[in-house]
Amino acid sequence: MSYLTIFSAPKPFTDPHINMIQRNAIQSWMRLGPQVNVLLIGQEPGLAEAAAEYGVALLTDVRRNDSGTPLISSIFGLARQAGDSPFLAFVNGDILLLPEIVQAAQQVAAQVSGPFLLIGQRWDLDVSQPLDFSDGWPERLRQEALRRGRLHRPAGSDYFVFPRHAFQEMPDFAVGRAGWDNWMIYRARRMGWPVIDGTQDVMIIHQAHDYSHLPGGQPHYNLDESQRNMALAGGFSTMYMVLDANRELVNGRVRRARLTPMRIVRAVERWLTPKEGGLRGFRGALARRFRRLRRRYYG
32 MSYLTIFSAP KPFTDPHINM IQRNAIQSWM RLGPQVNVLL IGQEPGLAEA AAEYGVALLT
92 DVRRNDSGTP LISSIFGLAR QAGDSPFLAF VNGDILLLPE IVQAAQQVAA QVSGPFLLIG
152 QRWDLDVSQP LDFSDGWPER LRQEALRRGR LHRPAGSDYF VFPRHAFQEM PDFAVGRAGW
212 DNWMIYRARR MGWPVIDGTQ DVMIIHQAHD YSHLPGGQPH YNLDESQRNM ALAGGFSTMY
272 MVLDANRELV NGRVRRARLT PMRIVRAVER WLTPKEGGLR GFRGALARRF RRLRRRYYG
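According to my numbering, the stretch in the sequence shown is residues 32 to 330, in order.
Treat the hints with caution; some may be incorrect.
[Unchecked claim] Distance ranges between label pairs, derived from CB positions:
#1 222 x 161: 37 to 47 angstroms
#2 175 x 196: 36 to 46 angstroms
#3 66 x 143: 13 to 23 angstroms
#4 134 x 114: 13 to 23 angstroms
#5 299 x 76: 42 to 52 angstroms
Keep in mind the hints are simulated off the structure, nothing from the lab. Backbone N, C-alpha and C define an ideal beta-carbon position, used for all residues, glycine too.
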């Protein structure tokens with residue numbers, strides 16, 4: 032039995048650059064050690080070929096919305112049914128993982144009783160060619176990210192580690208569109224689970240790309256499906272992010288999240304945002320102001 036199942040629903044492999052970076056990502060997951068199982072989910076063009084080439088399990092019976100986009104609820108359900116790993120990790124298809132993510136999951140599980148959610152900021156790196164996964168690849172990749180990459184602002188989330196019995200009920204969010212990942216953090220906080228920011232101990236690397244794979248080549252947050260995701264999530268008040276984590280993993284220890292200037296700004300913004308009824312009145316005007324200001328600081 033594996034300890035951690037990593038699952039993902041990659042984009043189509045038709046674009047040469049997307050094809051290359053997703054193959055890089057899959058190979059990094061496969062090299063995390065015998066405690067890790069990898070699942071690919073979907074029927075996107077080129078996915079079956081990539082799964083066969085690398086010997087990775089592929090689950091194709093995923094439900095989709097009326098636009099043909101796979102649904103998060105189905106993706107998570109399939110991953111849970113496919114194996115018996117005590118912990119699951121959803122990862123976006125362009126994310127490179129290092130072995131430390133397995134250690135982080137073990138450290139959190141040893142210190143937290145009950146459900147939890149482990150998230151963290153990513154490093155952005157331009158990758159233009161297939162990566163070398165010969166001996167020593169994790170340290171080479173880490174140094175390359177430190178040298179050429181940059182830490183992404185805390186508004187994005189690209190991996191989610193949690194016990195297999197968590198998140199059994201989810202709205203029918205469209206994958207690859209805005210809103211569902213924010214809801215994951217919101218939901219965990221509402222349920223009273225520790226939400227742990229692993230940024231300091233866990234380096235994950237996002238291979239930069241354009242949006243040519245999306246309708247009109249526009250960013251996902253401009254799409255109608257993203258607006259539907261946000262509506263399913265319950266509106267802007269549920270759009271949580273890494274700054275809303277109430278714990279952090281530092282040198283292998285789970286501790287209460289430090290109060291930083293960005294966390295203070297985010298806490299004020301969260302308080303100002305009405306839970307229902309939209310952004311109206313004086314409090315709503317302040318919330319809109321904070322939404323504009325916060326882009327300068329955390330995305």
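Hint check results:
The supplied range of 37 to 47 angstroms is met by residue 222 and residue 161, whose beta-carbon atoms lie about 41 angstroms from each other. The hint said 36 to 46 angstroms for the Cβ distance between residue 175 and residue 196, and at roughly 37 angstroms that hint holds. Taken as a hint, the range 13 to 23 angstroms holds for the pair residue 66 and residue 143, whose Cβ atoms sit roughly 18 angstroms apart. For residue 134 and residue 114, the hinted distance range of 13 to 23 angstroms is satisfied, since their beta carbons lie about 20 angstroms from each other.
Hint check: residue 299 to residue 76, Cβ distance near 45 angstroms, so the stated range 42 to 52 angstroms holds.
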